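> Note that the protein sequences, when read in sequence, are chains A and B.
FYI, UniProt numbering numbers position 366 of the first sequence as 366, with every residue one higher than the one before it.
FYI, UniProt numbering numbers position 361 of the second sequence as 361, with every residue one higher than the one before it.
Keep in mind that the hints were calculated from the coordinates and are not lab data.
There may be inaccurate statements among the hints.
As the list claims (entries may be wrong) - Using 25 Å as the maximum straight-line C-alpha spacing, the simulated SDA-like pairs for lysine to any residue come out as follows:
#1 B:K321 - B:D356
#2 A:K321 - B:L75
#3 B:K4 - B:G345
#4 A:K321 - B:L100
#5 A:K321 - B:T304
#6 B:K321 - A:S115
#7 B:K321 - A:R121
None of the values given here were measured: they were computed from a predicted structure.
Given next are the chains, with one letter for each unit.
There are 2 protein chains.
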Amino acid sequence: MGFKFDISARDGRARTGVIATPRGEIRTPAFMPVGTAATVKAMMPESVRETGADILLGNTYHLMLRPTAERIANLGGLHKFMNWDRPILTDSGGFQVMSLASLRNMTEEGVRFASHIDGARHMLTPERSMEIQRLLGSDIVMSFDECTPWPADEKTARASMELSMRWARRSRDAFGDIPGHALFGIQQGSVYPDQRAESAEKLRAIGFDGYAIGGLAVGEGQELMFQVLDYAPDQLPEDKPRYLMGVGKPDDIVGAVQRGVDMFDCVLPSRSGRTGQGWTARGPVNLRNARHRDDPRPLEAGCTCPACRNYSRAYLHHVIKSDEIIGSMLLTWHNLTYYQRLMQGLRDAISLGKLDQFVARFHADRAQGDIDPL
Amino acid sequence: MGFKFDISARDGRARTGVIATPRGEIRTPAFMPVGTAATVKAMMPESVRETGADILLGNTYHLMLRPTAERIANLGGLHKFMNWDRPILTDSGGFQVMSLASLRNMTEEGVRFASHIDGARHMLTPERSMEIQRLLGSDIVMSFDECTPWPADEKTARASMELSMRWARRSRDAFGDIPGHALFGIQQGSVYPDQRAESAEKLRAIGFDGYAIGGLAVGEGQELMFQVLDYAPDQLPEDKPRYLMGVGKPDDIVGAVQRGVDMFDCVLPSRSGRTGQGWTARGPVNLRNARHRDDPRPLEAGCTCPACRNYSRAYLHHVIKSDEIIGSMLLTWHNLTYYQRLMQGLRDAISLGKLDQFVARFHADRAQGDIDPL
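So here's chain A without its partners, still in its complex pose (with noise of 0.2 Å):
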């Protein structure tokens, strides 16, 4: 049951270091690409290996809908049949049916919904959704929640809480123990640091592998989520991980790892790299201005990824313009190598004690946006 999680250095409240997994180490501050229906978009699994990434992200919701868990499991689970050995972290389902589902029926049991492919009824507790990561055959699974909506005020967002860690109880003893698997809890309350602190210690007396700040990035703006993250990361123990659910941009990271989170996952960079956004150092470049039509350079110059290495912003403007998938591929994989670059600084930074020169960098290096047009 759970993993040794090694912290190597700290500076300030940023911490690095390496979680051991059966599956392989998983280097923090950690980024997770998502694999939502058992692939990262656009990308071969050793592609996203070659970016720098240790741990994938599934998503519950989608995989037990199509092609099912149980297909999965008789497949000889998901590492096998999307041909990524190393750890993946499922999440639990909640959130996705709550976002994506139609006919929802929420009650202290579960929630009760219809597929958004095929209007199938299903119903997902606590217990279902253990048993379907367990099926998986995730390496880090996640309790079973509801994701406080925003806003929300004290009385909705206490009533939301409580009920996710009922849940949290619901899965922790669902799960069991499975050695070399791992649980976390996730911590609801909103914004409200009297009710974070409340289910950070919920969460404590029940005992997870690692916890997840539940709730942000769900429309509160960086300022708010700042905000939670001053507080809210202390609140969780220190000698386990700290997960950052659905962050995020590259300056939400920066913040958030300097306030003690050490893993995260979102969807942007494959997502925004399939629309022919390109994430840099120096920003967000769209690559669909015609401003690169002609422009022979790179999209970000000294980057190892393909997209950079052999082909100009020209071509790049050119396939996404055209709608040709290699457009996603390049896109997807230039922007996944950023993101695993940027945690990469972040973790040698920590390291070295010198994370506010590195932050001071990052933001110099924004400040002055995309190179100049030809």
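Mind docking chain B on chain A? Use the hints.
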């Protein structure tokens, strides 16, 4: 001017050899994957090379409209633009103008048309086609012709063939003589042996570095196509490459190689890959079919492509049904690998003087049909 074409072995009317170009050797019989808009759809060019492709085809019509030949020339040519440093053959644009553009008006001078992308008016003539292909940096340039529509009565076919021969002359004159680049003529004449002979004679008189057999694979069916191939290749110079444009299915290629054809191109393996069809020695397999959804076996046992090495039919079925980009990537990769394996098999068989046995085995394997369901 032109390339050295060494025929190393013959078996019946079939030949195997090597076309030596400054950008690398082309082993014949050769299959050229189609990279319409400066990309073989859903493939990285290094992966296309891994399948065994020695040469790609690019489409003049698409590239002249977007990003334009002038832009590609300014960026250093098509090879650099699309990161493919081996030979590229470009078509003349004529065929696609007739199948894709609107408001077409064909005269002795050439074809006026409106772009299918933005409606802009353009004109393609033999001279403009040569200029565009030269700007692209094409290694093998095709002369500008009219692909005689099917069916065509003798009179219509003759008028079309004679126009194409006048355009062949103008293409030759406009192309001139570019060291390290070759110009191919295109035989027309529909299904009329005397017209095919006359067309071949006119092309020989002009003198080309290679000869294509045009006006086939346009709806006439395999039986009629093979009837033409029973005599047409032998009307062309023995010591130059013979290229059957737009062909085809594996059994089309096998039959054409038996009849003396050296080069092929077709969108089939890439296009059908994107719709879930896998080509194997035992025939085409529709991966969308539900019979694959629990099948842990590879698409084709023994195949060296990533789709077969690392994934089950169940996974391929899942990602295709889910419209995931990796489905297009994996099936295109497999199909191009299968096509190149077929070409290698044909080359080896001709070298060994065992083409008949190879073809018998080819048909026997296909007659078996796909592997039994689980």
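> Next step is simple, just say for each hint if it's right about the structure.
Structure-based check of all given hints:
no.: 1; hint: B:K321 - B:D356; result: violated (39 Å)
no.: 2; hint: A:K321 - B:L75; result: holds (17 Å)
no.: 3; hint: B:K4 - B:G345; result: holds (23 Å)
no.: 4; hint: A:K321 - B:L100; result: holds (19 Å)
no.: 5; hint: A:K321 - B:T304; result: violated (33 Å)
no.: 6; hint: B:K321 - A:S115; result: holds (15 Å)
no.: 7; hint: B:K321 - A:R121; result: holds (20 Å)
Figure legend: structure checked against the earlier numbered hints; hints not met, in rising order: 1 and 5.
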